[in-house]
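As a plain string of letters, each chain reads:
There are 2 protein chains.
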Amino acid sequence: MAQSDTITREPPAPAAIDPKVLRKALGAFATGVTIVTTTGADGGDVGLTANSFSSVSLSPPMVLWSLAKTSSNIEAFRSARHFAVHILAADQESLSGRFATKGIDKFAGLEVERGHDRIPMLHDCTARFECRTTFQYEGGDHVIFVGEVLDFTHSERSPLIFHGGRYGVVIRKEAGRPECPLADSSLSPNDLIFHISRAFFQIRREAMEERRRRGWTEHEYAALSVLGREDGKTVAEIAALSSFPGRQVTPEVIAGLAERGLVTVSGPIGGGSEVRLTASGRQSIIEIIAIIKASEADALKDFDFSEVQTLIQLLRRLSGGSQPGWPPLPQQDQRSG
Amino acid sequence: MAQSDTITREPPAPAAIDPKVLRKALGAFATGVTIVTTTGADGGDVGLTANSFSSVSLSPPMVLWSLAKTSSNIEAFRSARHFAVHILAADQESLSGRFATKGIDKFAGLEVERGHDRIPMLHDCTARFECRTTFQYEGGDHVIFVGEVLDFTHSERSPLIFHGGRYGVVIRKEAGRPECPLADSSLSPNDLIFHISRAFFQIRREAMEERRRRGWTEHEYAALSVLGREDGKTVAEIAALSSFPGRQVTPEVIAGLAERGLVTVSGPIGGGSEVRLTASGRQSIIEIIAIIKASEADALKDFDFSEVQTLIQLLRRLSGGSQPGWPPLPQQDQRSG
Numbered sequence: 029m030a031q032s033d034t035i036t037r038e039p040p041a042p043a044a045i046d047p048k049v050l051r052k053a054l055g056a057f058a059t060g061v062t063i064v065t066t067t068g069a070d071g072g073d074v075g076l077t078a079n080s081f082s083s084v085s086l087s088p089p090m091v092l093w094s095l096a097k098t099s100s101n102i103e104a105f106r107s108a109r110h111f112a113v114h115i116l117a118a119d120q121e122s123l124s125g126r127f128a129t130k131g132i133d134k135f136a137g138l139e140v141e142r143g144h145d146r147i148p149m150l151h152d153c154t155a156r157f158e159c160r161t162t163f164q165y166e167g168g169d170h171v172i173f174v175g176e177v178l179d180f181t182h183s184e185r186s187p188l189i190f191h192g193g194r195y196g197v198v199i200r201k202e203a204g205r206p207e208c209p210l211a212d213s214s215l216s217p218n219d220l221i222f223h224i225s226r227a228f229f230q231i232r233r234e235a236m237e238e239r240r241r242r243g244w245t246e247h248e249y250a251a252l253s254v255l256g257r258e259d260g261k262t263v264a265e266i267a268a269l270s271s272f273p274g275r276q277v278t279p280e281v282i283a284g285l286a287e288r289g290l291v292t293v294s295g296p297i298g299g300g301s302e303v304r305l306t307a308s309g310r311q312s313i314i315e316i317i318a319i320i321k322a323s324e325a326d327a328l329k330d331f332d333f334s335e336v337q338t339l340i341q342l343l344r345r346l347s348g349g350s351q352p353g354w355p356p357l358p359q360q361d362q363r364s365g
Numbered sequence: 029m030a031q032s033d034t035i036t037r038e039p040p041a042p043a044a045i046d047p048k049v050l051r052k053a054l055g056a057f058a059t060g061v062t063i064v065t066t067t068g069a070d071g072g073d074v075g076l077t078a079n080s081f082s083s084v085s086l087s088p089p090m091v092l093w094s095l096a097k098t099s100s101n102i103e104a105f106r107s108a109r110h111f112a113v114h115i116l117a118a119d120q121e122s123l124s125g126r127f128a129t130k131g132i133d134k135f136a137g138l139e140v141e142r143g144h145d146r147i148p149m150l151h152d153c154t155a156r157f158e159c160r161t162t163f164q165y166e167g168g169d170h171v172i173f174v175g176e177v178l179d180f181t182h183s184e185r186s187p188l189i190f191h192g193g194r195y196g197v198v199i200r201k202e203a204g205r206p207e208c209p210l211a212d213s214s215l216s217p218n219d220l221i222f223h224i225s226r227a228f229f230q231i232r233r234e235a236m237e238e239r240r241r242r243g244w245t246e247h248e249y250a251a252l253s254v255l256g257r258e259d260g261k262t263v264a265e266i267a268a269l270s271s272f273p274g275r276q277v278t279p280e281v282i283a284g285l286a287e288r289g290l291v292t293v294s295g296p297i298g299g300g301s302e303v304r305l306t307a308s309g310r311q312s313i314i315e316i317i318a319i320i321k322a323s324e325a326d327a328l329k330d331f332d333f334s335e336v337q338t339l340i341q342l343l344r345r346l347s348g349g350s351q352p353g354w355p356p357l358p359q360q361d362q363r364s365g
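Protein sequence lines correspond, in order, to chains A and B. The working numbering numbers the first residue of the first sequence as 29 and each following residue consecutively. The working numbering numbers the first residue of the second sequence as 29 and each following residue consecutively.
Since the hints were derived computationally from the structure, they do not count as laboratory data. Here the structure is a predicted model, which means the values were calculated and not measured. Keep in mind that the hints are not guaranteed to be accurate.
Which copy? The list can't say, so a pair holds if one copy fits it or any two copies do.
To be verified - Cross-link-like lysine-lysine pairs, in silico, BS3-like; alpha carbons within 25 Å at most: (1) Lys97 x Lys130; (2) Lys48 x Lys130; (3) Lys201 x Lys329; (4) Lys134 x Lys201; (5) Lys52 x Lys130; (6) Lys130 x Lys201; (7) Lys97 x Lys134.
Take these sequences, add in the hints, and give me the full structure.
In structure tokens form, the structure reads like this:
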């Protein structure tokens, strides 16, 4: 670190900075992801993924990006009179990967529109800028290309982000959040579980009202849910898969479902009896699941794709990664042992 | 839009581009947020918020940013031999706002470290680059400043994002997600409610085991929860506040709690009787809530601040904004009407 009292110092020799560490530090600046395209001297389409884009000027409209002097595409862009910059949307990670890959036909199968000098321009990006190369500036091991924007398109799609060497999505910050008093005798909006519980009850409310109208207990619903996921389980398996303190799928619960024609049971009911949904039972659970899915879709109506994905991803991490079990988790939960 | 068959065209007159619309399109490129600082000709500290930062070169190490020619700070940076770029963390929105505000003493109360030529450098940013001004390039209504990085610091803090004119945070995409077969007879990891339910059961599991050990039914727990949030409610109010299909806080439930010394009831038990926690009842609910909060903290141990805030924000939106009610929602829920 610089010393605070030093007024004049010689700069350190360039060797003092490790490019790998510097690259990591520079990666702390999050960016969008762009694909820059042009036409080579041979008339072929050229394009690459870049995150060095920056807007420069509004009047005249100008943007810049930079390209390594060692890039195989450097001559194409140095001699090109025009280029196009495409800002990628959150779901275009694979397109980003394609244009970052050497030795493949990056444009294979892609529909392109032709701009000035027939430069290839892609569809369906968040924004696109068609530029005339205005300046090429020296930038160490890179060339800085400054272009005047001749034409552009723009949509409201959520952008793809690059940060710390990985892709991400952006979530807007809320303008402000009401303060809640801290309390130890209740949960409050400061607690995550407050919001998880609310969402849980809200999305399931209509389906649970329908369950009650059909005269199913919570235990019966739990048993039917397990069979809806995978039919043909034993009574003991169903009990284990729906285990949660206060919820008990006993042989009597299964017997009650069998009496109402919702399941069939192999032989006299015991822990080892196999249970299967009848056609009526399957139809019933499909109807309940459809209500839950409709409530979920309703709750998510103002969410965009990347917000839903982010929410699922965070909840997945919260519940401990990718284990495929349906809640409630099996009783051999580590945290209660 | 450009027409696909046109090979040579005159560029449109600059007047054809509306700067407001262009600015919006350029805002589609998400960026981090930086504060750039230097020392003015008078020796005073100068700094401003900028998102035009871009890394340029690794060897020699170089970065760039651009500043409007009309900026009151342009002469300071034009004549400065050094500048520092600070990349802001997710929780530094107010610092960003301060350095974007004109006419205030931006450095008031801030601790600064002194770099080359005594330029002011801030603490606690995600990354910081101390630079020697190498090039100043023409960029329309802006000047592009290219600096050689002399020294830098770097941390793993989550960055502040600017996109579409608003602040945000970045959420990393998962490397890949197992595909789930679509099914209409069960919920799967494709469904958000699958993950909400898992998190709900997991975070509450230990507390619900403790509830069972204490011999409380779910209905009794619901009643105690309501009183833990706000003591002194009538039996009817408690029933309404804990209403959910299958959950019933009846006068008998309250009578059971009173028998065990957990609550006191005013007069003979009826809908209008006021119910209050006893010291023992209050202590009991505090203990259960503490278990839930500990489980939540455990589940969140690998989350950083902005991830937790993002999760809460998304769940809050999911449940319909800022209404303060505790789940379950009152029975006059629109969606069941």
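To see whether the hints hold, each was checked on the structure:
no. : hint            : in the structure
1   : Lys97 x Lys130  : within (16 Å within a copy, 40 Å between copies)
2   : Lys48 x Lys130  : within (22 Å within a copy, 37 Å between copies)
3   : Lys201 x Lys329 : both (19 Å within a copy, 22 Å between copies)
4   : Lys134 x Lys201 : between (36 Å within a copy, 23 Å between copies)
5   : Lys52 x Lys130  : within (23 Å within a copy, 33 Å between copies)
6   : Lys130 x Lys201 : between (37 Å within a copy, 23 Å between copies)
7   : Lys97 x Lys134  : within (21 Å within a copy, 39 Å between copies)
When the structure is compared with the earlier hints, no violation turns up for any of them.
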